[in-house]
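Asker: Okay, here's what each chain looks like letter by letter:
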Amino acid sequence: MLCKVTRTFKAGAQNFFRNGWLSIATVGVIVIALFIVNVQIAIMFANNLLLNAVEDRVNISVYVNTDVQEDEVMKLRHEIEQYPEVENIEYISRKQALADFKERSKNNETILKSIEEVGSNPLGAVLNVKAHNPDQYETIASKIDQSSFSEKVSGVNYLKYRDIIDNLNKEIKANQKGAIILAVTLSFIAILITFNSIRTTIYSHRQEIEIMKLIGASNNYIRLPFIWEGVFYGITAAMISVPLTYLYLQFIGNEEVTNSILPLSNARFIKIFLTEYFMKNLVLVVLFQCTFGVFLGVFSSIITIRKHLKA
Amino acid sequence: MIIFENISKVYPGNFPALENVNLKIHEGEFVSIVGHSGAGKSTLLKMLYAEEQPTSGDVYFSRKNISEFKARELPYHRRNIGTVFQDCKLLPKKTLTENVAFAMEVSEKKTSEIEEAVPQILDITGLGKKFDAYPNEVSGGEQQKAALARALVNRPKVLVADEPTGNLDPISTWDIVQLLLKINEFGTTVILATHDKPIVDKISKRVVVMDKGRVIRDEAHGRYCI
Chain A
1 MLCKVTRTFK AGAQNFFRNG WLSIATVGVI VIALFIVNVQ IAIMFANNLL
51 LNAVEDRVNI SVYVNTDVQE DEVMKLRHEI EQYPEVENIE YISRKQALAD
101 FKERSKNNET ILKSIEEVGS NPLGAVLNVK AHNPDQYETI ASKIDQSSFS
151 EKVSGVNYLK YRDIIDNLNK EIKANQKGAI ILAVTLSFIA ILITFNSIRT
201 TIYSHRQEIE IMKLIGASNN YIRLPFIWEG VFYGITAAMI SVPLTYLYLQ
251 FIGNEEVTNS ILPLSNARFI KIFLTEYFMK NLVLVVLFQC TFGVFLGVFS
301 SIITIRKHLK A
Chain B
1 MIIFENISKV YPGNFPALEN VNLKIHEGEF VSIVGHSGAG KSTLLKMLYA
51 EEQPTSGDVY FSRKNISEFK ARELPYHRRN IGTVFQDCKL LPKKTLTENV
101 AFAMEVSEKK TSEIEEAVPQ ILDITGLGKK FDAYPNEVSG GEQQKAALAR
151 ALVNRPKVLV ADEPTGNLDP ISTWDIVQLL LKINEFGTTV ILATHDKPIV
201 DKISKRVVVM DKGRVIRDEA HGRYCI
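In order, the protein sequence lines correspond to chains A and B. Following my numbering, the numbering of the first sequence begins with 1 at its first residue and continues without gaps. Following my numbering, the numbering of the second sequence begins with 1 at its first residue and continues without gaps.
Next up, chain A with everything else stripped away, as it sits in the complex (with noise of 0.2 Å):
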């Protein structure tokens, strides 16, 4: 058996090297294969990391009138948490507002005397709500607006932004749903035309199986070398394909390129998180690579070779 084994790899080994441009080709299809694939699942992963972002950006402000005390707030803070939408809230208070308020208007001039000749502080505190997706700002600006402390509130900026957070929704998913169809369909035509590369290699071979069979090789004989044979043009594919991904990244990661190509990202993220976790996955990009890639050929050589084997 091990005797087979060796000897059906050297046979597939030599095959590979003496092929030439038909391995040449072959492996060339396969690159292309495991680069489409790589690409989609890369823009698939940066539009995730944007919507993520995004999303994390996202919450809606609940202004509380000026006259509602400090305690009060609190416990209209701690209605608002039992809401099952809600995943946390931060608390700014009426001083730390008019700090930031200040902070905000420092270049002008005239807010500031504004509010110097106000004397006391005109904002009220603010309690920033995040849900645990944008989905649910809507439902918890309905349950404020309807509950009973809702007379203590001077306005929910949700409103406001409702029709920006709405479309900025509907927008990455319908986005996020049309790289999926790309990338699966994408993926199902490079396997289309990597295993009809592998059919036609194996087709140009089909003398040299009807000769196997004359000497008595058996089936498992003739089919192991064209196995290994595709074991061969995976790995060599996962090989080039890896730095190319990683060429690929980099070159999205420029900014003037990313902003023309993909609207939606954002040239600062691709380069920090999608290039960082490629190089911090490195080994398991590599390994996933050569399986689909060793997957890509020893299947396609399977299906053809069965083909030869019965005729």
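None of these hints come from the bench; they were simulated from the model. Treat the hints with care, since some could be wrong.
Computed list of chain B residues with no C-beta within reach of chain A, every gap over 12 Å [what the hints assert, rightly or not]: (1) Tyr11; (2) Lys24; (3) Val31; (4) Glu108; (5) Arg150; (6) Asn184; (7) His195.
Now the in silico label distances, taken between C-beta atoms and shown as ranges [what the hints assert, rightly or not]: (8) Gly28(A) - Glu51(B): 44 to 52 Å; (9) Cys3(A) - Gln120(B): 18 to 26 Å; (10) Lys202(B) - Gly28(A): 50 to 58 Å.
No residue lacks a Cβ here, since even glycine has one placed at the ideal position from N, Cα and C.
Chain B: place on chain A using the hints.
Answerer: Okay, now just chain B, sitting in the frame of chain A:
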């Protein structure tokens, strides 16, 4: 040793190739099967190494009915029969040595055995110096010698040669025929299908004449005569 019993073969499209052929070949015989192209020589030989199945009738090899072999048993059966063809059928991406060794590798012979037998057989067939060449780098005669070496390296009981000299010049043809005769002297049964009249006449051994899928003459020391 080999018995063709009431063999008929009809190819799809109702093309008859063999009609009720009966033939017995004994161990150690040298049989020339002659006839025009399309007489049924190749079809008959293909049945021996199970590349074709008869439409009716049975082929026996060492008392075993070939049509009863299961698919996984066929490789083992084929290892008992050395085959040589007009187009040599060498593996183009392997050197002559590798081609010969390959026949032993598929028979799962030991590496030490292969290393000993391959140079020997290449020497016997007169290919000693060309062992590292690829098939397309040597002449047709040398390719055929390599094919013969491959057919013989496993010491088969029977050697089937289907028009082995069809593409060769007279000198190479005679080289091959002498090799076939030598092999037969060592005890291997040789079945030679050919339509080369001078060769058959010179061999002067058993001649089976076929025409339109039938055996029309079978003589122990025959001549090419249709």
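Asker: So which of those numbered hints doesn't the model satisfy?
Answerer: Those not satisfied are hints 4, 5 and 8.
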